[in-house]
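If you want the building blocks of each chain, they are given just below.
There are 2 protein chains.
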Amino acid sequence: MSITAQTPMQDLEARLSPGALVTDRDIIDSYAVDRALFCPAGQALALVRARTVDDVAAVMVFATEHRIPVVTQGARTGLSGAANAVDGCLLLNVAGMDEILEIDAVNQTCRVQPGVINQDLKTVLAEHGLSYPPDPGSVAISTIGGNVATNAGGMCCVKYGVTKDYVRAMTVVLADGTVTKLGRQTAKGVAGLDLAALFVGSEGTLGTIVEVTLALKPALPSPITAVGMFPDTESAGRTVTEFMGSGASPSLLELLDGPTVKMVNAYGDFGLPDDVGALLLVQSNAKGAGAVEELEAFQRVAEANGSSEVFVSDDPADSEMLVAARRAVGPAMEKYAHTRGGGELIDDVCVPRSALGEFFEKLRLIDARFDVEVATAGHAGDGNMHPSVVFDAGDEDQVSQAQEAFAAIMQLGLDLGGTITGEHGVGYLKREWLSNELDAGALLMHQQIKDAIDPSGILNPGKMLG
Amino acid sequence: MSITAQTPMQDLEARLSPGALVTDRDIIDSYAVDRALFCPAGQALALVRARTVDDVAAVMVFATEHRIPVVTQGARTGLSGAANAVDGCLLLNVAGMDEILEIDAVNQTCRVQPGVINQDLKTVLAEHGLSYPPDPGSVAISTIGGNVATNAGGMCCVKYGVTKDYVRAMTVVLADGTVTKLGRQTAKGVAGLDLAALFVGSEGTLGTIVEVTLALKPALPSPITAVGMFPDTESAGRTVTEFMGSGASPSLLELLDGPTVKMVNAYGDFGLPDDVGALLLVQSNAKGAGAVEELEAFQRVAEANGSSEVFVSDDPADSEMLVAARRAVGPAMEKYAHTRGGGELIDDVCVPRSALGEFFEKLRLIDARFDVEVATAGHAGDGNMHPSVVFDAGDEDQVSQAQEAFAAIMQLGLDLGGTITGEHGVGYLKREWLSNELDAGALLMHQQIKDAIDPSGILNPGKMLG
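Protein chains in written order, with the UniProt record's numbering: chain S, 1 to 466; chain E, 1 to 466.
Honestly, the hints are just simulated from the structure, not real lab data.
Keep in mind that the hints are not guaranteed to be accurate.
Said to hold, decoys possible - Here are the simulated EDC-like cross-link-like pairs (lysine to aspartate or glutamate), alpha carbons at most 16 angstroms apart as the crow flies:
#1 K335/E / D439/E
#2 K287/E / E334/S
#3 K181/S / D54/E
#4 K335/E / E373/E
#5 K181/E / D439/S
#6 K262/S / D165/S
#7 K122/E / D87/E
#8 K287/S / E293/E
#9 K287/E / D314/E
#10 K181/E / D54/E
#11 K335/S / D392/S
#12 K262/E / E293/E
Just chain S, same shape as in the assembly (with noise of 0.2 angstroms):
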């Protein structure tokens, strides 16, 4: 009788489902990053793709025993560099645990695995006549989880609200392999702190989220549509400033400066016109004559603010077409960029409706500084916008500009009262400038948490808290 001394990964995988754990070098690297640019990937140890709540624990357990790194991801989609490798981990990936455990119709709410695709959620909830609003640009490709660990947004956000606002309760797995609930299944509860809340949008620094609980909404109704035309961003901005300010509901309203309308039309017949400043795309679901009336105080707004033309629609091939250019200004801009040198850094800055205008004029001054090219979207309604600097990845002085510009952008939201990122997270991307928005008592008690809930600081070290 012999026995054979087991490697630490024989060890691991005894502990897994059968084929979860993954050695293949090349596999493992192939997971190792998401879709940020200039956020560096550490050689992952191995990639664990987990199917049960155990595989999750068992990984922590492993992880913790031998104080080795643990990367939670999804489906990879993010933009921060939050679900990248760092050298030396596990890459816990929880895609594959992407099952629809229960839909409640009386209690509009649904229990998923984090693995679930947002948009595959939102097509099984329409045939039972509900939804889930929350739409970040990933909407197709992009996983529960992930969108609660980011607290995603998207363009229904101006209506309806981020994801956080639709999370009741998540079962997480810390850091010791502890599985714990968090939140309640019912309407309203205060039972403690609200450590659900706490845990939407920790970025996989504070435990990996293997279930939750979502509030749903009724089927939402479908809108009439507007596109108004711009001479600048400036006037549209101002527009967006006066017409939320008002008190409007929009269900969507969407910017698109000049070069991103452009690059959409060079990518698809959206039938957007090409010579224009910024163009306003705007939806209102409201019941009854209360669409009609909200569009028709939208154009009010906009001619008032120097808006040549806007064009209202109540066919529903119109808002699909409008909706469809939106989702276009991602791949188009990708597109676009290729022909410049491949480089394109997406900005996330969100700042108060008031300040949009200021914001496109500064905006500007940053665009003319730097030998990049800066084309804007997002969305406006909520002050959320996404500059993207465009740029030759292959030139070196290129790529420092770009950063350049990029930091520009985030010290103008901050100067304007705003955020450096309204809904795509911190990560590796902006974790130098968490810093710059957070006072030293907060940064603090950032990592007091962290160090309670992960002592050994094997979650995600590096991402967040830099």
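Starting from the known structure of chain S, fit chain E onto it as the hints suggest.
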């Protein structure tokens, strides 16, 4: 020249605004309790009526130096004993910090000090065409700071959510005197952990809230009103389940059981029938024809579930009378309880809306099991019910029975998948029960966070976490 040694209280007084420190025993003792029953109060060392953020910080620094507990209070209208004195504490009362600092109509936000009375804020906002929906029963007398510290709810929640849905940012003073800003001014933001959310509902255990930025809504539309009469609470509960499960969005949906209606009628004439098993009060402020359609749908569901009569009115006077009747429940019960020996324990369970029928069936059994009276009102649309146990406070056996009935009601809430507290908080009253609702992992995390943020344990010790 002689140097007189300063006492610690003289030292504290010198650090505070003139007159802020109160050492008169009678005055101190008059601040020792909130409105909870069966929650003992300790003897406080002194009372500080803070005027400024500096006062609050000075109290914290002094308390940390001397390891003295600090109990923060507002208007002391809470129902869980969270604001009660503990032995040797400083009572830190911030009710006098009651300025509305800014109303920003364009961004639809306001900044307020913690002592602003909820109704006073509503009144001022109405002049600007704005509203702050959360409306706890104590709306006329409770403070925004207290509302935030307990995540207060109310009648509006069924459509407009709870306090946490309106908190954008806050300034807090930590145990060591650090003043820090949490949250964001913008509509969206994900820079770091959501520490503002962690402080909402933290009941003074993590720090003292000295400023809050609230999101606002445009003035809410006027509602129309319905009252449904039911033979028993079960049929009323099933009506709520079915009506809410249909995706209805009433702006108010309250239940009063038969004994409660009798108490209200004995208190004043609000036009309610005397001989009913239960009443549902419903309002809709949907736009256009939506409100009438919604209440017609309610009527159909109510009649299908056994309602003998549903009265619908679009007369604003009826609407006001209805709300007045609901708001009269508190004083009416108090008056009735006074005739029965003065004992009244108000419970606050919240169950899934699907469980309301079963909740009332089993509540009836509890009522029968104990030699006390149970009268129930509550925010039925959210499943948040307030069964009140009425008893003779001078009779030892009655007191014991009342406490057992109170506990049985919480256990019923938990058995049905609900929570021990929907909106009143844990405080002292339910601290022993928190461990019945939360699992070991969540409880440990509570303690870890408490220890991390308040390492000396001076902030409201013995509350919430026991």
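Outcome of the hint check:
no.: 1; hint: K335/E / D439/E; in the structure: 39 angstroms, violated
no.: 2; hint: K287/E / E334/S; in the structure: 42 angstroms, violated
no.: 3; hint: K181/S / D54/E; in the structure: 39 angstroms, violated
no.: 4; hint: K335/E / E373/E; in the structure: 14 angstroms, holds
no.: 5; hint: K181/E / D439/S; in the structure: 7 angstroms, holds
no.: 6; hint: K262/S / D165/S; in the structure: 35 angstroms, violated
no.: 7; hint: K122/E / D87/E; in the structure: 36 angstroms, violated
no.: 8; hint: K287/S / E293/E; in the structure: 12 angstroms, holds
no.: 9; hint: K287/E / D314/E; in the structure: 13 angstroms, holds
no.: 10; hint: K181/E / D54/E; in the structure: 15 angstroms, holds
no.: 11; hint: K335/S / D392/S; in the structure: 13 angstroms, holds
no.: 12; hint: K262/E / E293/E; in the structure: 31 angstroms, violated
Hint compliance for this structure: hints 1, 2, 3, 6, 7 and 12 are broken, all remaining hints hold.
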